[in-house]
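Colleague: Residue-level listing of the chains:
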Amino acid sequence: MESNTGALVIGGGSTGTGVARDLAMRGVDVTLVEKGNLTHGTTGRMHGLLHSGGRYAVSDQPSAVECIEENRILRDIASHCVEETGGLFVKRPEDTEEYFETKLEGCQECGIPTEVLSGAEAREMEPYLAQDVDRAIRVPDGAIDPFRLCVANAESATNHGARIETHAEVVDLLVDEPAGTDEAAVVGAEIRHESGTGSRTHGEQTEIETIYADHVINAAGAWAGQLGDLAGVDVAVQPAKGAMTVTNVRQVDTVINRCRPKGDADILVPHETTAILGTTDEAVDDPEHYPEEQREVDLLFEQLTDLVPILEDARTLRTFWGVRPLYEPPGTGTQDTGDITRDFFLLDHADRDGVTGFTSIVGGKFTTYRAMAEEISDHVCDRLGVSADCRTADVPLPGSESPGRLDDAMDRYGLRSPIARRSAERLGSKTEAVLGTDEPNPVVCECEAVTRAELQNAIESAGSDLNDVRIRTRASMGNCQGGICAHRMAAELSPEYESPTVRAAHDELLQERWKGERHALWGEQLAQAALNYALHATTMNLDRDPARTDDDPEYAAFDTGPPGHTAGTGDTTAAADGGRPTGSRSADEEGHDGD
Amino acid sequence: MFGHAPDDGDESDETESSCGCEAGSGESDGSAESRSTSEVRSDGGEPSDERRPTSELCSDGGIDADVPGDPGSAGGAGSHPSSDDEFEPVQVFPDSTEQDLRPGADSCYKCSTCDTNCPVAEVDDEFPGPKFQGPEQWRLSRDDAPEIDDSIDKCSNCMRCDHACPTDVPLSQMHNTARGRYVDDQLSKLSIQYLRKKILSNYGRLGRLGSLFPRTTNFVMGNRAVRWITDRTLGITDEREFPEFATQTFRSWWDERGGAQVQSEDRRVAYFHGDYANYNTPEVGKALVRVFESFGYEVAVPRQRCSGTPMFANGMLDDARRAATVNVTEFDALIEEGYDVVCSCTSCSMALRQEYPELFDIDGTERVAANTYDAVEYLRIHEDLREELADAETDADDELPDLAYHAPCHARNQGLAEQALEVGDAVEGVDVDDVGDSCSGISGTYGWKSKHYDTSMAIGDEMFDHMEDSEAETGMTECPTCAMQMEHGTGYDVRHTLELLEATLVGEGEAW
Ligand SMILES: Cc1cc2nc3c(=O)[nH]c(=O)nc-3n(C[C@H](O)[C@H](O)[C@H](O)COP(=O)(O)OP(=O)(O)OC[C@H]3O[C@@H](n4cnc5c(N)ncnc54)[C@H](O)[C@@H]3O)c2cc1C
Ligand code: SF4
Ligand code: SF4
Chain A
68 MESNTGALVI GGGSTGTGVA RDLAMRGVDV TLVEKGNLTH GTTGRMHGLL HSGGRYAVSD
128 QPSAVECIEE NRILRDIASH CVEETGGLFV KRPEDTEEYF ETKLEGCQEC GIPTEVLSGA
188 EAREMEPYLA QDVDRAIRVP DGAIDPFRLC VANAESATNH GARIETHAEV VDLLVDEPAG
248 TDEAAVVGAE IRHESGTGSR THGEQTEIET IYADHVINAA GAWAGQLGDL AGVDVAVQPA
308 KGAMTVTNVR QVDTVINRCR PKGDADILVP HETTAILGTT DEAVDDPEHY PEEQREVDLL
368 FEQLTDLVPI LEDARTLRTF WGVRPLYEPP GTGTQDTGDI TRDFFLLDHA DRDGVTGFTS
428 IVGGKFTTYR AMAEEISDHV CDRLGVSADC RTADVPLPGS ESPGRLDDAM DRYGLRSPIA
488 RRSAERLGSK TEAVLGTDEP NPVVCECEAV TRAELQNAIE SAGSDLNDVR IRTRASMGNC
548 QGGICAHRMA AELSPEYESP TVRAAHDELL QERWKGERHA LWGEQLAQAA LNYALHATTM
608 NLDRDPARTD DDPEYAAFDT GPPGHTAGTG DTTAAADGGR PTGSRSADEE GHDGD
Chain B
43 MFGHAPDDGD ESDETESSCG CEAGSGESDG SAESRSTSEV RSDGGEPSDE RRPTSELCSD
103 GGIDADVPGD PGSAGGAGSH PSSDDEFEPV QVFPDSTEQD LRPGADSCYK CSTCDTNCPV
163 AEVDDEFPGP KFQGPEQWRL SRDDAPEIDD SIDKCSNCMR CDHACPTDVP LSQMHNTARG
223 RYVDDQLSKL SIQYLRKKIL SNYGRLGRLG SLFPRTTNFV MGNRAVRWIT DRTLGITDER
283 EFPEFATQTF RSWWDERGGA QVQSEDRRVA YFHGDYANYN TPEVGKALVR VFESFGYEVA
343 VPRQRCSGTP MFANGMLDDA RRAATVNVTE FDALIEEGYD VVCSCTSCSM ALRQEYPELF
403 DIDGTERVAA NTYDAVEYLR IHEDLREELA DAETDADDEL PDLAYHAPCH ARNQGLAEQA
463 LEVGDAVEGV DVDDVGDSCS GISGTYGWKS KHYDTSMAIG DEMFDHMEDS EAETGMTECP
523 TCAMQMEHGT GYDVRHTLEL LEATLVGEGE AW
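Sequence order for the protein chains is A and B.
Remember, my numbering sits 67 above the position in the first sequence when you count from 1.
Remember, my numbering sits 42 above the position in the second sequence when you count from 1.
Okay, chain B solo, but in the shape it has when bound (with noise of 0.2 Å):
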């Protein structure tokens, strides 16, 4: 056994019986008193603003009385330094996800950036947008009436409107927080849509079942009458496929290899798979653990939970909060030791850097946020890849096909729209063409939700005719669901970026 991972390798242990054990853990400290640290986006730099004093003004001066633009003129300027623009939301009740959000609001100007940006705006009128979704509603509720309005579950938690404001009002957390509240409060729990909600947000559960018996359960949910029925009970769209569960986990595949194969002590990674990964497309998981070896990193595949993603989509944040507090516990743990994080899924990096800072006060949580990346980002950042790349020994002009990229939002939130085209771009007769920036329209659990399916493929066209448009006919992006999407749209085979990487580099991997 190497590195770290996990000792027993039951996977069991990572999915059900780990909610009961922590439930009671790393929760507890949230009191009345302690403040979350939110801490994202300490670079929002709002020039300092301090007061402007404005002496003897007449009381009925018109628009242009003599307003006086003297700074320093009289007392008062400075005498109310504001550290920074930050507020600090601070969690009204212990124990809770209810966060006092309404400071927020003070940095919105109301300028509908976010509006403009948003891809289920843009195709459904009936959605208000994110401008009255987040910093509006937030304004206008109170302590004792915390209702959202409904639109909130049309919102695709694509995190578009967060990466475009102008003034870092933070509409995630918003968003993450008024649906949180949605579903705890609005949701009986016994609605089908909150069935449906338990259901596609805890897909590890899903997984696990489907791994135990992939044949089996791939041939169920593949299977028409079944998907009808889904449809009809639980509206879960039978227009898509389920996704195929693979015959052998990412995990078991790792333990039956004997976990990793290189040792390190200064070149370390713990990997955070994630569900899908794990499940449904191992080759990716395999694809980060062959190409980071061969660049001389041990790789450690802690016990893990899912990052919570689909659940911050579905207002889920208790079970987000338990698989979170598992996560973060468990990464720290490595990251002490000097390990830095790494994803493959852009989704699940963007939890761990934003989402988790933003929502939970779990010991650890912004360590972990400051040290985790994505694969490739990281390997861009410590290795020269672009040169790496260029050197390949293997011939991928004969084995490559060229690829229709699409950048995922949660890879656009994090800066990182334009990296694979970069590494494409150093692969040696391989095209990889940008699909453009509109949204691929799932959203994780969005598109499959039946009354959300026709939003978004409309949401999705884009993408699609871009896609078809290209002279490539193989997709490629970092993140399972737009994958699903690419393929359900347009037929095409869809890889990830780190599944070019290890064909370059490594010249592993599932045949293309």
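The following block holds chain A by itself, in its conformation from the complex (with noise of 0.2 Å):
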């Protein structure tokens, strides 16, 4: 299979995405692949923060001004993405006040509003603050949902006749070498797609199509070395990880910064219904595969305890780790990953390493996406021979052309009010579209209020790919996270898919809340996981179900049913059910029980 484009992106994070909007409004034709979901990478994994610049007024004051622009934008063309929350940088009485003093200054040198609160001011906005804070500066920090962010992205860019591929792993870069000259361009990419084109099925045939492209955009994040590497060229990225936790409920409804010289966990940011934790940074050697350690998440809450004591006793989802793309231009030799700047880099191959046809973009932060997606796309665009302007600071995405009407959500859909409100907070301008269905529209995911017509609708463009429906949706990111309602989304998917790929389907979503589970399993989140493990084996016989584990059932071991009662007359018959009289049920019937 085979295909042409004008630019191929490589990476669905925030930065590819952003690229393939702001290429595809200037008319350029774009193809972007991502190996996974979008926001598969580090966008999916990271802290939620629309910095104000705040934390970078003293250290990095160029950076701080770009946030803050970027801050103004995104609040406006993203506001279903963003909320606007506030931010305090909060001073203990062991934190220095030349600090303080000092932050302030930066933060209007920087053109970052400020506002000074008193210890008291500030408990009065956030009542769980400690007791003994003695200072706050206010800064309009906010929260941000980057799988939304993402998602609106690629919507756009679809909308301006892009095609995004996602399950789509570049597994070589085209190289043409004309021989005798010491030129190499970059002509395309070798695309496995894990199943098939188009909206994931899981099942499909694995299929590689070679996509041949006038440019090829690298905005693969941590593993951009390792396309560099199939181009030939040097592309130096450090990853650095960082852990972040989860907790409940919000704690806060403010972004929580300590004010003092930057550090390891020292915010906490409200993120929907939770507030999470963070975060560390450390160097590793390979974006994938690292160590997650305890001792991370120890120190998240050492340190932020002291901010928001109650943080000690509260309930903890999950832990994650991302890893930063951070950057050194040759030759710096910074030692500490803290040190490395944040700034973003645009490696033009040509120049640089003499292979035409191929930029790497590396380093920089979620916040600031639109500025680099922007200073990229005039890039290319002067490669490609194309003049148009970007627009991405003034159209709205999609989702955020209007905001979401509440007023009326509740009588017109007829749901309840915090359902409502959750909802069209989520979908933005988009609530009418999605919810004015006249199917039923039962609540699936109860933690965090998704309904029927939600979910039907990310899966329209999710296919049978659930952790992409649940980064859509929010499903099963609560706290029971997926034990009540994972086979609820399951069921959505039949009948338009069938049996053997909602099962597959199923299972992922479960492996992937495990997997972030695990890492903060005590208190009542274990509880909740005992629980939500004896449901799914006593209901859906999960753990050992014989029709996916082609043992033999043991007939034996089951209930020979009420005594006088003549048990075993039917060979296929297991009274799963807890001694049904037998012959009521096979063993390869494979119906999900509902609830």
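I should point out that these hints are in silico values taken from the structure, not numbers from a laboratory.
Just so you know, these numbers come straight off a predicted model, no measurement behind them.
By construction, the Cβ of each residue, glycine as well, lies at the ideal position given by its N, Cα and C atoms.
Where hints are given, some of them may not hold.
[Stated by the list, open to error] Part of the chain B face toward chain A, derived, beta carbon under 10 Å:
1. Asp148
2. Ser149
3. Phe174
4. Asp191
5. Ser193
Combine both chains into one complex, guided by the hints.
Modeller: Structure representation (structure tokens):
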């Protein structure tokens, strides 16, 4: 299979989707390939802070200025992904006055609006702040949902004619090296579509596609070095991991930063229904395989309970790690990853390495993804000879054209008020189109208040990929972590998808949930995991379903029924339902028990 | 004048004028920093939740990756010892009823036990149930959008959910606080719904009026035309008879008899009668006094206001706070002098013991909560009640009928569902039949609202059936509104457990 495109973007994180949208809006024919889901990489594993720039106002003022500019733009063009929480830089008695003043001045120099609050005023805003916090600086930090943002960018790109392929990995880059010259050109890539092209369906045949492109953009984040290798150029990305722990409820509604020189574990971000503690910073060799250690989690709690003591007792849902795609220009020789700049770098391989048709983008921050995308798109357009202006700062993303209509959402869609409000917050201007269904619309995920209509809408784009459905809707991201709703989500795939596909999708979702849960398994979440296990084992036989294990069921181990009842008359029957008369259900029936 | 009876004997003092004078007192200490000291259910015995080290897990490990199970293997075990599992809700604004209860949702693991125990959810498909109403709704809430779903109005505040939850989610606190927010934010102060809540929850005012002119009031309230009008205009159902006002209130009886007849230094109880025993069933109050005096207790009847139960149930938290402030102040002063507090109504004891500490931060709340008892419970703790009943001289066989007993939900919540049966068992010649553990369905003022009448009766059905099935033709319970419902559904006469004690031990009281 072969195809042609103007620009081939590798990577479906904030950078890649941002570039795809920008180029598509300028009329460039774009294809984006991503080896996992959108946000599979670092973008799906970050802290969710829409920086005001306050964090960099002392150490890196150009970054701070860029942050506040982009912060303002995103509130506008991505309003349904941003929650304007505001942020506080909180000073404890042991933090110095000097730094507090320096921070304040720094913010002012960078044009970041500030307000100084007394300890009491800060606690009035955030009642769970520590009693001895003595001052705070209020800044316009915000919370941003990276999933929704990337999906919206991809959707916008598609609306402008782009082709977005997920579960499509670049396995090789096509490098043209005319014999007898020392020139080289990247002319395309070989793509492995794990389950065919288009939206994902589990179990579809793997396909290999060759895509020829006029220009290839390497937006593979921490993996950018690997793609550089495929083109024979050196991209020295230093992956640095950071841990984050998610609590069950929001202890705060404002972003809480510690007012001291940049350090580890000093930010608490309210995120949707939860709060996220973060983060740490440590160099790792491989962006995909690195140790996830308990001491990192411990550090988060140790540090952040100084600011918000109630975290000590907070229920935690999961812990996850992300890797920063830090880039060090050759020869800088910085030792500590904390000191490596958070700035981004555009590597023009034609100038740098004599390889044309190929640009890499490394470093940077989520908050400034749009500005990065603009710069890259300018560069690519220049190479492609396209002259069109960037419009991404002015045109709202799909979903952010107008605020979600809350007022009558409840009555119109027959939803209870917190459910209507959460749905409208997620869906933004699409609320009406998605929820305005004539079909019955029950709540499928209770923790996050996600209804069937929203799930069905996500399935239209995500196919049978329930993890993709999850990141679009937040279904299964609440306190039961899918215990009560994962199978209901899977059931939503039927009858469109066949039973084996539904099962595979369900398994994959549960695996993914478990992956993050196991690092935060104590107290209430441990009880939750035990209950989930019991529910899944007893209602769906998920732990040892003979239909999956190929083992022969031990019929003798089953209840023989009430005394006097002749057991075992039907030879294929097992009274899995707790001793119903035999013959009622055969072992190869695969129905999911609903609830 | 004996003991601690009110010195002026003027009841109007407790109801109307008191609202004005304590409005500023007792609450002004609630500041942003002051935390409500919720200590309820400190026995909630979750195993300690030390964080478990999971060292060096590979990031892409699947479900069967090697999760290390040794809690002592790596650093970090116990490095975040958690004092106990309780969270302390914080008062979000000074002088307000707003509390941040989101962390209370941490204990919920969505087992739905609360939903299966909710009598309203059982009969009303439109009611989303306590799990949604409590932890789910709180978890989804934001400080800037304190929207509470309308369905909170369907919860009867029976608190069965609170009792059923295996992990001590503070459901009743969540419902009460949510109801308060709902009434504050979403109900227009002029709406009919608000007016109805105000009337039903401030029973004491109606009661005082009723007692000044009991016969007129009884006549007016019993008048079908008047009831039809209240139904149409206020939404108070015309299916029910308004309770009759007694011709003499308990308090005026108390004053007339000259207060306490027994003095004691070490046996002292302060009686919380609440509005209902005062205005409508003074025989219950009299029974309590006579029974306690027969055991040699000095009884005090201090100034007091409604316990607040109907106000919680109607979301009138400001009214409830004012009433609670009077009650806590008065009773705390007596506790200081060696009194314990006894109640004849199980909803009143529930309010003093559990709801006050959950909702208010009034000085002395904790002490009052710790020293409050249901009257029969108190005697069972301090006296050999079975023995006394068994030895009683009175010939119960001749005088007393068999009884169909219903344990009020609020008695159940305090672990008191069985006590009346044991008491009855000790009285020779009287059979006390348990009519099962269903809810009566009236839940205070709930069943008084026209829109809830059908739900209320549907919930009550099971109890009515069991009462009909029982041999007994007289009912017994400790909650005045359950008694109304029992009477309404079966036509039986309904008595209080204290009246049974009185008849057996003292031989006085109203005729059976
Ligand atoms: C712990 C942590 C916390 C952070 N917190 C914040 C924050 O609060 N605020 C903020 O502004 N920034 C934050 N950042 C930084 C921010 O997350 C990143 O800068 C940003 O997400 C990078 O996006 P990206 O698109 O460049 O990379 P990625 O999101 O990693 O995208 C690269 C994509 O390329 C794909 N890919 C790789 N190889 C291939 C291949 N061969 N074929 C196809 N696809 C491939 C990957 O699957 C991946 O999805 C944080 C970073 C970390 C690590
Ligand atoms: S019973 Fe308790 S833990 Fe179970 S769902 Fe209800 S509130 Fe949650
Ligand atoms: S208090 Fe009673 S009616 Fe209200 S939710 Fe709980 S169980 Fe249901």
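Colleague: Can the hint on aspartate 191/B be confirmed by a CB-to-CB distance to chain A that is less than 10 Å?
Modeller: holds (4 Å)
Colleague: Taking 10 Å as the limit, does the beta-carbon of serine 149/B come near enough to a beta-carbon in chain A?
Modeller: Result: holds, 6 Å to nearest chain A Cβ.
Colleague: Is the interface hint for serine 193/B satisfied, with its Cβ closer than 10 Å to some Cβ of chain A?
Modeller: Holds - the Cβ of serine 193/B comes within 10 Å of chain A, reaching about 7 Å at its closest.
Colleague: Would the stated hint for aspartate 148/B survive a check requiring a Cβ distance to chain A of less than 10 Å?
Modeller: At 4 Å from the nearest chain A Cβ, aspartate 148/B passes the 10 Å test, so the hint holds.
Colleague: A closest beta-carbon separation below 10 Å is what the hint needs, so does phenylalanine 174/B meet it against chain A?
Modeller: Hint on phenylalanine 174/B: holds, closest Cβ of chain A at ~7 Å, below 10 Å.
Checked against the numbered hints above, the structure violates none of them.
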